[in-house]
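Visitor: This is what each chain is made of:
2 protein chains.
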Amino acid sequence: MNAAIISIGDELMLGQITDTNAAWLAQQLADCSIFCTEHLALGDDASRLSAAISRLACDPSLNLLLITGGLGPTEDDITREALASALKEELVEDPLALQQVKRWFSNTSLPMPERNRVQALRPTSAEIIENTRGTAPGLHAHLENTEIYVLPGVPHEMKEMFNSSVLPRLRGKSDVVIRTAAVRCLGLGESSLAEILGSMMNRENNPTVGTTASRGIITVRILAQADDEKHAQQLLDNTVAEVKERLGIYAFGEGDDTLQSCLVRELKNTGSTLAVVESCTGGMIGELLTSVPGSSDVFLGGWITYSNEMKISEVAVPRELFQPAAAGAVSEDVARAMAEGGREQAEADYALAVTGIAGPGGGTAEKPVGTVWIALASRARPTLARHFLFKGGRETIRDRSAKAALAMLLWKLRGCDDFSMIWKRTNGESVKTPVS
Amino acid sequence: MNAAIISIGDELMLGQITDTNAAWLAQQLADCSIFCTEHLALGDDASRLSAAISRLACDPSLNLLLITGGLGPTEDDITREALASALKEELVEDPLALQQVKRWFSNTSLPMPERNRVQALRPTSAEIIENTRGTAPGLHAHLENTEIYVLPGVPHEMKEMFNSSVLPRLRGKSDVVIRTAAVRCLGLGESSLAEILGSMMNRENNPTVGTTASRGIITVRILAQADDEKHAQQLLDNTVAEVKERLGIYAFGEGDDTLQSCLVRELKNTGSTLAVVESCTGGMIGELLTSVPGSSDVFLGGWITYSNEMKISEVAVPRELFQPAAAGAVSEDVARAMAEGGREQAEADYALAVTGIAGPGGGTAEKPVGTVWIALASRARPTLARHFLFKGGRETIRDRSAKAALAMLLWKLRGCDDFSMIWKRTNGESVKTPVS
Numbered sequence: 117m118n119a120a121i122i123s124i125g126d127e128l129m130l131g132q133i134t135d136t137n138a139a140w141l142a143q144q145l146a147d148c149s150i151f152c153t154e155h156l157a158l159g160d161d162a163s164r165l166s167a168a169i170s171r172l173a174c175d176p177s178l179n180l181l182l183i184t185g186g187l188g189p190t191e192d193d194i195t196r197e198a199l200a201s202a203l204k205e206e207l208v209e210d211p212l213a214l215q216q217v218k219r220w221f222s223n224t225s226l227p228m229p230e231r232n233r234v235q236a237l238r239p240t241s242a243e244i245i246e247n248t249r250g251t252a253p254g255l256h257a258h259l260e261n262t263e264i265y266v267l268p269g270v271p272h273e274m275k276e277m278f279n280s281s282v283l284p285r286l287r288g289k290s291d292v293v294i295r296t297a298a299v300r301c302l303g304l305g306e307s308s309l310a311e312i313l314g315s316m317m318n319r320e321n322n323p324t325v326g327t328t329a330s331r332g333i334i335t336v337r338i339l340a341q342a343d344d345e346k347h348a349q350q351l352l353d354n355t356v357a358e359v360k361e362r363l364g365i366y367a368f369g370e371g372d373d374t375l376q377s378c379l380v381r382e383l384k385n386t387g388s389t390l391a392v393v394e395s396c397t398g399g400m401i402g403e404l405l406t407s408v409p410g411s412s413d414v415f416l417g418g419w420i421t422y423s424n425e426m427k428i429s430e431v432a433v434p435r436e437l438f439q440p441a442a443a444g445a446v447s448e449d450v451a452r453a454m455a456e457g458g459r460e461q462a463e464a465d466y467a468l469a470v471t472g473i474a475g476p477g478g479g480t481a482e483k484p485v486g487t488v489w490i491a492l493a494s495r496a497r498p499t500l501a502r503h504f505l506f507k508g509g510r511e512t513i514r515d516r517s518a519k520a521a522l523a524m525l526l527w528k529l530r531g532c533d534d535f536s537m538i539w540k541r542t543n544g545e546s547v548k549t550p551v552s
Numbered sequence: 117m118n119a120a121i122i123s124i125g126d127e128l129m130l131g132q133i134t135d136t137n138a139a140w141l142a143q144q145l146a147d148c149s150i151f152c153t154e155h156l157a158l159g160d161d162a163s164r165l166s167a168a169i170s171r172l173a174c175d176p177s178l179n180l181l182l183i184t185g186g187l188g189p190t191e192d193d194i195t196r197e198a199l200a201s202a203l204k205e206e207l208v209e210d211p212l213a214l215q216q217v218k219r220w221f222s223n224t225s226l227p228m229p230e231r232n233r234v235q236a237l238r239p240t241s242a243e244i245i246e247n248t249r250g251t252a253p254g255l256h257a258h259l260e261n262t263e264i265y266v267l268p269g270v271p272h273e274m275k276e277m278f279n280s281s282v283l284p285r286l287r288g289k290s291d292v293v294i295r296t297a298a299v300r301c302l303g304l305g306e307s308s309l310a311e312i313l314g315s316m317m318n319r320e321n322n323p324t325v326g327t328t329a330s331r332g333i334i335t336v337r338i339l340a341q342a343d344d345e346k347h348a349q350q351l352l353d354n355t356v357a358e359v360k361e362r363l364g365i366y367a368f369g370e371g372d373d374t375l376q377s378c379l380v381r382e383l384k385n386t387g388s389t390l391a392v393v394e395s396c397t398g399g400m401i402g403e404l405l406t407s408v409p410g411s412s413d414v415f416l417g418g419w420i421t422y423s424n425e426m427k428i429s430e431v432a433v434p435r436e437l438f439q440p441a442a443a444g445a446v447s448e449d450v451a452r453a454m455a456e457g458g459r460e461q462a463e464a465d466y467a468l469a470v471t472g473i474a475g476p477g478g479g480t481a482e483k484p485v486g487t488v489w490i491a492l493a494s495r496a497r498p499t500l501a502r503h504f505l506f507k508g509g510r511e512t513i514r515d516r517s518a519k520a521a522l523a524m525l526l527w528k529l530r531g532c533d534d535f536s537m538i539w540k541r542t543n544g545e546s547v548k549t550p551v552s
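These protein sequences, in sequence, are chains A and B.
With the numbering used here as the guide, the letters of the first sequence map in order to residues 117 to 552.
With the numbering used here as the guide, the letters of the second sequence map in order to residues 117 to 552.
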């Protein structure tokens, strides 16, 4: 079974809001093994919407069309009219729908404004779907071989109506079962990863294997199809296992895993604690770690030593490192001193420290913007320090610095000591040979 | 001038990611007075994309088509092929593009994988657009009366290419002038705000005034149309001024302003410095402040005192406050002690401290999840402390806590002492009467 989704609203056309309804609906459909082949967003324009409904209903590869938005009581709410026009029908007032809209208002102790009466209109052959969260009833109609559902645009009304009235009618309609999985990777570019996966990424495979990149993390997405659930799950599991085996240490997690959730898990598993000392990341590593529920078991806290004075007074970085002739705030010596000072003071098993130049100002020929030193101190020395040169703007440099720091400890806990090699391969960052 | 936007990727069809590129591009087009009439998202399916390009290029009401995604080096990157098919042309290797892709790799000291060679392909009549942020060159072509630009799907590559290579060619192509502005507000719900703005929000107005809400911030969006730039700007400026007057202190900024950028600006204006002491926000306030370029002028740093021990050892919170009979970690006394201890130790003019229960665990009947205390210590006492009860999940509670903390100091610096009233009105948070 294949579906298309249409989202309606001028605010989408102006980019004033992002269409999150389409992604949510697509996810729900995928869980019912229904594929989406098209998401379309249109403005409040009845003739364009009517033409789109006709085009999609006539597409023989589609049999389901979901439309959200344009069901309000105002003049720019054009979906009822557009559907009627595509069906070549009149709009009629539905007595039950009128009752439902009136009841909504009486529940809020307000009289129904006359303008809301239009919400009880439906094309003659269409069926009304009750809205338990708002005034806009949904619609259900047929055109050619396509079932059409119209839902309100307000996300919580739409979701409730989809779950209670649409989903039960869709389940079991598909003759294939789809199962999906995601493997999260760090340290490889998309094309190196594609080389490693090789023919697994051929488009005609089942399961299909594809990649997407977002903020330094590459996600390998796997989609298996079969006639029954068990077979689909088996195909999926086999491919996930092979992807993970091929990617080795680069594949740090699955599903909703993040670097920070994996790191918190490894710290719990090993019964270790962590502190952070952050300069250019300004609290980002702490923020990421504490976004993980239960992180307080392993994360003790840290210091945002943004000024040199705080590096000296709070984590005992020697003042002489900031003298004109010395290495300066962004240097291996300072990163090491930050990590070691923070670890000792917090009495933690590990401490991560980051100092760098995130820009846009502050770069020099010797230390350009993007220069970052990351150090990892542990109860069992030696302290490790790595030099990175990240590309991109301030936010990218900070984000990659925080991720590199989390990854340094995650890989160490997983027994990989060769992570300098990993960084050499990722996104073209330069890496100095490990000093200790 | 009218445009359509196509976004490519199976991950969009599966709802695995939300299409943010289309909204961003639509905003940029609106700023050039180009209206979008359609956003279309398709999977990695060359024949569907080719059909869509043909359909849109033949639509006489459209003269611009922007396509993002599907330009990578792997087999599921089908955009080059689909464009060639819509143009009824062959793909040829562009020597300059090949040079650019090779140069990208040589800058990272890596050999170009053979598979990346396909990125240098273009339909015979198309022109290559250089990608300064990645390996995927863009494309520029003509079909019927439509100009087609193909950009990479990775947002930061797409944005850079749009700004540097597409935008300059689009400016001045439209015969109406559109000017847009955004006013950023905190402390009012969308419907209270709509009541205050009243008839300014009527749909038939010029300028139009609309609102969108995101993560506790409401944005009032104003769009003015006129025949010439001067008139459009005048209409816009008048409406922005009236919106700001009506919203008073609730309107904290305009355009790209954020709470943190406004706060850094006010601190610079008053020559003051700030430190933070964070518990449940775990570094988020520091991260937000240091996301602002130049924040090092006013932000000294801080402490992530996630464990009680760190609250005691690092910012001198009295140990007895954590005894069983005492107020406990999430309390007014601890918040005040954190703020005062941090301010004194950092020798800052101000310090913000946050302690709370972000959940999902840790709540009690007396202190449910969402209970947060925020304190603001200043060189000129007294220290202020406020109690909040935020709704939502862990991320929402942390986000709103960080924003409330930033807003407390921002409003204080702007001479508003009545901000407890503001918080009473926002999102149903409870607020205790200020204690000092």
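Please note: incorrect hints may appear among the correct ones.
Where chains are identical, the list cannot tell them apart; a pair therefore holds if satisfied intra-copy or between any two copies.
[Stated by the list, open to error] No more than 30 Å apart at the CA atoms, straight line, and that leaves these computed lysine-lysine pairs for DSSO-like: (1) Lys528 x Lys289; (2) Lys507 x Lys289; (3) Lys483 x Lys384; (4) Lys346 x Lys275; (5) Lys528 x Lys346; (6) Lys528 x Lys507; (7) Lys483 x Lys507; (8) Lys384 x Lys289; (9) Lys275 x Lys528; (10) Lys483 x Lys218; (11) Lys289 x Lys204; (12) Lys483 x Lys289; (13) Lys275 x Lys289; (14) Lys384 x Lys507; (15) Lys275 x Lys507; (16) Lys507 x Lys360; (17) Lys275 x Lys204; (18) Lys346 x Lys384; (19) Lys528 x Lys360; (20) Lys483 x Lys275; (21) Lys218 x Lys275; (22) Lys218 x Lys346; (23) Lys360 x Lys204; (24) Lys483 x Lys346; (25) Lys218 x Lys384.
It is worth saying that the hints were derived from the structure and are not from the lab.
Visitor: Return the numbers of the hints above that this structure violates; sort them in rising order.
Guide: 1, 2, 5, 8, 9, 12, 18, 22, 23, 24 and 25
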